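Asks: Chains as they are written, first to last, in the working numbering: chain Z, 42 to 400; chain W, 116 to 607; chain A, 2 to 149.
In case anyone wonders, no lab produced these hints; they're calculated from the structure.
Just so you know, these numbers come straight off a predicted model, no measurement behind them.
One should not assume that every hint holds.
Claimed, not checked - Restricting the straight-line Cα-Cα distance to at most 25 Å, the calculated cross-link-like pairs of lysine-lysine (DSS-like) are:
1. Z:K195 / Z:K105
2. Z:K269 / W:K597
3. W:K520 / Z:K121
4. Z:K272 / W:K520
5. W:K512 / Z:K309
6. W:K520 / W:K458
To be verified - Now the stretches of chain A that chain W is said to cover, found in silico as 3 or more residues with beta-carbon under 8 Å:
7. 8-19
8. 22-29
9. 94-100
10. 104-114
11. 122-132
Unchecked claim - Label pairs and their in silico Cβ distance ranges:
12. Z:G218 / W:K240: 53 to 63 Å
13. A:I56 / Z:W398: 40 to 50 Å
14. A:N39 / Z:P205: 49 to 59 Å
Positions of the beta carbon are idealized from the N, C-alpha and C atoms, including for glycine.
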Amino acid sequence: MKKIVKSFYDYLDERLHLDDLVHFMGKKYVPIHSHSVWYYFGGVSLFFFIVQVSTGILLLFYYKAGPDLAFESIQYIMSKVQFGWLIRSIHGWAANLFILSAVIHMFSVYFEKAYRKPRELTWISGMLLLFLGMGFGFSGYLLPWNELSFFATKVGSDIAGAVPIIGEPIKILMRGGLDVTGATLSRLFGFHVALFPGIFTIVLGIHLILIQRQGISEPRRIAKLDQKEKKTMPFFPNFMLRDLLLWLVMLNLLAILAVFFPAELGHKADAFGSAPAGIKPEWYFLFMFQSLKYFPAHILFIEGEVLGILLFGAAFALWMIVPFWDRKSSRGERNKLINYLGMAAIMFIIVLTILGWIA
Amino acid sequence: MKKIIFIIFTLVLLNGYFSLKAQTLKSDDQCYLCHEQLGGVADLFKKDIHFQKGISCAGCHGGNSKSDDMLEAMSKASGYLGVPKGDDISLRCANCHAKKEMMQKYGSHLPTNQLELLKASVHGKLSTTGKEKIVQCTTCHNAHGIVSVKSPASPVYPLNVPNTCGKCHSNAKFMQTYNPKIAVDQVAKYRTSVHGMLNAKGDPKPAECASCHGSHGIRAVADTKSQVYALNIPETCSTCHSDAQYMAGYKIPTDQFAKYTRSVHGKQLLEKHDISAPACNSCHGNHGATPPEVASVSKVCGTCHALNADLFSSSPHKQAFDKAKLPECETCHSNHEIMPATKAMLGVSKEAVCSKCHTETKSTKGYFVAQKMRNYVDSLDVSEVLALKLINEAEQKGMEISEAKFKMRDVHQAKLEARTMVHSFNEEKFKEVVVGKGLSVSKAAVTESQAAIADYFFRRYGLVLSILITSLLALTLYMYIKKIEEKQASKL
Amino acid sequence: MSDLDSNQNRRSFLKYLLSTSLVGFLASVLYPIVSYLNPPKQNEVEVSSVLAGKISDFEKDSGKIVRFGNKPVIVVRTEKGDFKALSAVCTHLDCTVQYKKELGLIWCACHNGKYDLSGKNVSGPPPRPLDPYTVTLQGENIFVSKKA
Numbered sequence: 042m043k044k045i046v047k048s049f050y051d052y053l054d055e056r057l058h059l060d061d062l063v064h065f066m067g068k069k070y071v072p073i074h075s076h077s078v079w080y081y082f083g084g085v086s087l088f089f090f091i092v093q094v095s096t097g098i099l100l101l102f103y104y105k106a107g108p109d110l111a112f113e114s115i116q117y118i119m120s121k122v123q124f125g126w127l128i129r130s131i132h133g134w135a136a137n138l139f140i141l142s143a144v145i146h147m148f149s150v151y152f153e154k155a156y157r158k159p160r161e162l163t164w165i166s167g168m169l170l171l172f173l174g175m176g177f178g179f180s181g182y183l184l185p186w187n188e189l190s191f192f193a194t195k196v197g198s199d200i201a202g203a204v205p206i207i208g209e210p211i212k213i214l215m216r217g218g219l220d221v222t223g224a225t226l227s228r229l230f231g232f233h234v235a236l237f238p239g240i241f242t243i244v245l246g247i248h249l250i251l252i253q254r255q256g257i258s259e260p261r262r263i264a265k266l267d268q269k270e271k272k273t274m275p276f277f278p279n280f281m282l283r284d285l286l287l288w289l290v291m292l293n294l295l296a297i298l299a300v301f302f303p304a305e306l307g308h309k310a311d312a313f314g315s316a317p318a319g320i321k322p323e324w325y326f327l328f329m330f331q332s333l334k335y336f337p338a339h340i341l342f343i344e345g346e347v348l349g350i351l352l353f354g355a356a357f358a359l360w361m362i363v364p365f366w367d368r369k370s371s372r373g374e375r376n377k378l379i380n381y382l383g384m385a386a387i388m389f390i391i392v393l394t395i396l397g398w399i400a
Numbered sequence: 116m117k118k119i120i121f122i123i124f125t126l127v128l129l130n131g132y133f134s135l136k137a138q139t140l141k142s143d144d145q146c147y148l149c150h151e152q153l154g155g156v157a158d159l160f161k162k163d164i165h166f167q168k169g170i171s172c173a174g175c176h177g178g179n180s181k182s183d184d185m186l187e188a189m190s191k192a193s194g195y196l197g198v199p200k201g202d203d204i205s206l207r208c209a210n211c212h213a214k215k216e217m218m219q220k221y222g223s224h225l226p227t228n229q230l231e232l233l234k235a236s237v238h239g240k241l242s243t244t245g246k247e248k249i250v251q252c253t254t255c256h257n258a259h260g261i262v263s264v265k266s267p268a269s270p271v272y273p274l275n276v277p278n279t280c281g282k283c284h285s286n287a288k289f290m291q292t293y294n295p296k297i298a299v300d301q302v303a304k305y306r307t308s309v310h311g312m313l314n315a316k317g318d319p320k321p322a323e324c325a326s327c328h329g330s331h332g333i334r335a336v337a338d339t340k341s342q343v344y345a346l347n348i349p350e351t352c353s354t355c356h357s358d359a360q361y362m363a364g365y366k367i368p369t370d371q372f373a374k375y376t377r378s379v380h381g382k383q384l385l386e387k388h389d390i391s392a393p394a395c396n397s398c399h400g401n402h403g404a405t406p407p408e409v410a411s412v413s414k415v416c417g418t419c420h421a422l423n424a425d426l427f428s429s430s431p432h433k434q435a436f437d438k439a440k441l442p443e444c445e446t447c448h449s450n451h452e453i454m455p456a457t458k459a460m461l462g463v464s465k466e467a468v469c470s471k472c473h474t475e476t477k478s479t480k481g482y483f484v485a486q487k488m489r490n491y492v493d494s495l496d497v498s499e500v501l502a503l504k505l506i507n508e509a510e511q512k513g514m515e516i517s518e519a520k521f522k523m524r525d526v527h528q529a530k531l532e533a534r535t536m537v538h539s540f541n542e543e544k545f546k547e548v549v550v551g552k553g554l555s556v557s558k559a560a561v562t563e564s565q566a567a568i569a570d571y572f573f574r575r576y577g578l579v580l581s582i583l584i585t586s587l588l589a590l591t592l593y594m595y596i597k598k599i600e601e602k603q604a605s606k607l
Numbered sequence: 002m003s004d005l006d007s008n009q010n011r012r013s014f015l016k017y018l019l020s021t022s023l024v025g026f027l028a029s030v031l032y033p034i035v036s037y038l039n040p041p042k043q044n045e046v047e048v049s050s051v052l053a054g055k056i057s058d059f060e061k062d063s064g065k066i067v068r069f070g071n072k073p074v075i076v077v078r079t080e081k082g083d084f085k086a087l088s089a090v091c092t093h094l095d096c097t098v099q100y101k102k103e104l105g106l107i108w109c110a111c112h113n114g115k116y117d118l119s120g121k122n123v124s125g126p127p128p129r130p131l132d133p134y135t136v137t138l139q140g141e142n143i144f145v146s147k148k149a
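Let's have the full structure, built from the sequences with the hints guiding it.
Replies: Written out as structure tokens, the structure is:
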């Protein structure tokens, strides 16, 4: 057995120079310190992404997009296909957990200022991945074509449509027409299974190459330490095996969630039906959805909602380019303002999410 | 005989009194004095209650009754109107009859809303001429010679009402001009009814047209305010039929309305406002109201319950009931107080209607059939309850069970059909519905939902197993990492 | 047994355990996936338009009940040969109706309710007409769909 593996490896090595890669990996070290635990969330997000790709492909074997068939095909998956309920429930749960772990990953990077020079591009690519993840969530939500998703998509695209000038074209682009119809379903299905995965894979590739190329960032206080005082562990195999261990734990978690809280289907969407009570977007959109409610109808001459959307847009833009305006961190100095801003953002998100949840 | 002599005597006396009064009037009413010479209407008017109360011709026709100069008395200047035409007729009557103080002046306590009611009634619509109401006061009450409703001479006295209404309503040619579809046989039918026969015999108490349809404010049957609108019929009939005092001489019960309101029909009609549910007239007829005869009960009920009636008529019970002179449906279901049919009626227990005739010692064949039929229904019920419980349980567990739920429709249908099929009193046919259609499906649903519940537990056990395996892998991986790191540490 | 030996034993045991549990893990992941890929016995549901059958399945002047999602639908081929589809749920007490050839009507066995072929309740207790469905012919196939 070992011989076969060895000869196969040699065969590849001869042609691809794998030794270089192994050598490179072996040289990579992960810093050990009191906040090392946060390093795992990038890997966990990657795991959920892999789960999404595999369960997504499996669902595609039975799912049929189109207002006539979408709901029924999912009903079929849930009731007739063996383990269909499991695949769909895992897809639903992993989607949520992906966003959660990606957000944790983002905040840990933010507070450690790991985005500082030279890792500005890694940060930006990561933010793009998070936005794409939300795009996946939004587009995937409609695919079961049930009442709740139908109206949530209607409301969601309406909000996008409120943006001045570009809003309306974006809304029409999203809906594939003036209203949420079968055309919207085909379109969002296309986004969900072709466009977004394509872009996501490219950006993820860049993100991972950047990490491999630049190595893992050390927090400022560790970077200052003497080389001898720094504790590290090899990326391969130590860190990678730990990553795998955590992935197994996450898989268990997914299985438990899928069995005990299987994905629901609800009632089939009816464009002429009245909106059901309590339409809420997915929880990660909830804080935005909720805060838009608090804007007054008009502020000076602009609509409150429009202003809110513009403010959110500005905030996200600022957040995304933080490596460029946080010069202090890049110079290796402390920047308390960043921490305060981050804490405020977390508090804001948590409070409004709770308010939105109980509303 | 004594009575009649007494009545005649009184009439003669009264007549004398009135003519005495008329004598006094005559002296200063110039219209009457002249027209009396001419005869005709004035003779009629002599008997008129208005004349007797001292109202002059001028009361309706205008003019100056004090003047003996014909030209002056009947001049426009003195307000002479001549013969009122069209709606003016009723307006003339309303001049006094719609005014309370005016009526009181003549010592009358009559109501004052007749014209208002007439205007709102079906008779208050425009006639074919398009100029006036279809009916004026005089159409029913006559013009000259109007007497009190209580007088047998009045065209609106109960004994005369059918003919008065019939003047128009039995005239096919006339009614055709208003409603080509309307029946014109009401009076003829009425004469065949219990009400009509008593009425013809001179009894003013039984219902005539106005008793049910109202008098001045008669509305179309489809008008929800009509006394004979489907929802209002039971109440209308009950005004007499529930009045024990009024019905005293007729030797029939007065609890029909109370019973009806408790019945399945009464609830459907009066509580759910389902106007297709039967009211009194659906079984008794309306104009020809009469209780259905024993042999025709199933035909009457069968107008709605057609299948049950057919099955019953072809069943062995038909002959047996006819022989024993038992009213068909009524024997088991009662008449006015029909309760929803439940399985309690079937079988051999005390409450079961079968046991009225079939016992272990008497008519034993029916006894055993009834017992078996009840057993089929009971086992279907048990199976249905179990199936529903299991389906519910499977649903609660989040399992997809819509197909079994869909099948339960057939059980529901079998139960409904069983209620009909029981009237064949044929065990084989009944079994085919209850067991063949119902129980088999119910059992299939039980099996399916049990499978769904089993799958639920399969998921749980599968989860436990896969978690165990994954955790074992995780644990060994952990140990493996430790091992590698030990090795790395020892190398340093 | 020397220290080295026991160490060696432990290592090989660990490797054994690792490979066995890895195999078990792969099995527990692959089993559901393989079963998932195995197509179910029942044909895929095509709702909103249901295949009611082939034209040749229907004699003239006959009817057939078709399952449409969770509801039964009655498809009738008239004497003249055209197709009609109506909800098969009697509007009186939810029994399933049937086509009655002798009457040329849709008939409910429970209480003798009758509907004409456009679904109008013509006699008996039903309070409302049957809901109509649309029939489309595609070649030999008859499809029934919800009326838009």
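Asks: Has the hinted range 49 to 59 Å been met by the Cβ atoms of N39 of chain A and P205 of chain Z?
Replies: 53 Å, holds
Asks: Can the stretch 94-100 of chain A be counted as covered by chain W under the rule of three residues or more with Cβ-Cβ separation shorter than 8 Å?
Replies: holds (count 4)
Asks: Tell me if chain W covers the stretch 8-19 of chain A under the three-residue, 8 Å CB rule, please?
Replies: holds (count 4)
Asks: Verify the coverage statement for the stretch 22-29 of chain A against chain W, using a C-beta to C-beta distance below 8 Å and requiring 3 or more qualifying residues.
Replies: Held - the stretch 22-29 of chain A has 6 residues with a Cβ nearer than 8 Å to chain W, which meets the minimum of three.
Asks: Taking 25 Å as the top limit, are the C-alpha atoms of K512 of chain W and K309 of chain Z close enough?
Replies: Roughly 21 Å between the alpha carbons, so the hint for K512 of chain W and K309 of chain Z holds.
Asks: Are the Cα positions of K269 of chain Z and K597 of chain W separated by 25 Å at most?
Replies: Between K269 of chain Z and K597 of chain W the Cα gap is close to 23 Å, so the pair holds against 25 Å.
Asks: For the pair we were handed, K195 of chain Z and K105 of chain Z, check the Cα-Cα distance against 25 Å.
Replies: Roughly 21 Å separates the two Cα atoms, so the pair holds.
Asks: Tell me if the beta carbons of I56 of chain A and W398 of chain Z are separated by a distance inside 40 to 50 Å.
Replies: Violated, at about 55 Å.
Asks: Keeping to a limit of 25 Å between CA atoms, is the pair of K272 of chain Z and K520 of chain W held or broken?
Replies: Since the Cα atoms of K272 of chain Z and K520 of chain W sit roughly 64 Å apart, the hinted pair is violated (cutoff 25 Å).
Asks: For the stretch 104-114 of chain A, does the count of residues with a C-beta closer than 8 Å to a C-beta of chain W reach 3?
Replies: holds (count 4)
Asks: For the pair supplied as a hint, K520 of chain W and K458 of chain W, is the alpha-carbon distance within the 25 Å limit?
Replies: 24 Å, holds
Asks: Between K520 of chain W and K121 of chain Z, does the CA-CA distance stay at or below 25 Å?
Replies: Holds, at roughly 15 Å.
Hint compliance for this structure: hints 4, 13 are broken, all remaining hints hold.
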